[in-house]
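Peer 1: Sequence:
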Amino acid sequence: MLKLLRSKEVFLWKKYLKDKSRNKMGKIKVTKVRSAINRTQNQKRILEALGLKKMGQTVEHENTPNILGMVNKVKHLVSVEESK
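Everything in the sequence shown is counted per my numbering, starting at 19 for the first residue and increasing by one.
Some hints here could point you the wrong way.
Stated by the list, open to error - Mimicking DSS-like on lysine-lysine, the simulated pairs with C-alpha atoms at most 25 Å apart in a straight line are:
#1 91 to 72
#2 71 to 91
#3 45 to 71
#4 91 to 47
#5 62 to 93
#6 45 to 91
#7 47 to 71
#8 45 to 62
It should be emphasised that the hints constitute simulated quantities derived from the structure, not laboratory data.
Take these sequences, add in the hints, and give me the full structure.
Peer 2: Following this line, the structure appears as structure tokens:
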């Protein structure tokens with residue numbers, strides 16, 4: 019039993035310590051296409067957090083759940099495309 023537990027523990031550590039370079043997340047380009055005038059304060063803050071200040075400005079972000087959630091909240095103000 020002890021040997022079985024030890025082998026499982028080693029397996030879990032090997033899985034944890036594996037090189038994660040294969041699982042790199044992609045990048046997305048976010049462009050501001052509409053004005054933030056007459057928008058809620060929350061939407062204005064999200065645009066600021068994304069780094070979008072001027073119309074037509076484009077920024078590149080990692081494709082993480084946090085960024086995708088912010089983009090989803092202001093999807094009517096921005097356009098999104100994947101970059102390499």
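Peer 1: Work down the list of hints and note, for each, if the structure agrees.
Peer 2: Outcome of the hint check:
no.	hint	result
1	91 to 72	18 Å, holds
2	71 to 91	16 Å, holds
3	45 to 71	20 Å, holds
4	91 to 47	16 Å, holds
5	62 to 93	12 Å, holds
6	45 to 91	18 Å, holds
7	47 to 71	15 Å, holds
8	45 to 62	23 Å, holds
Checked against the numbered hints above, the structure breaks none of them.
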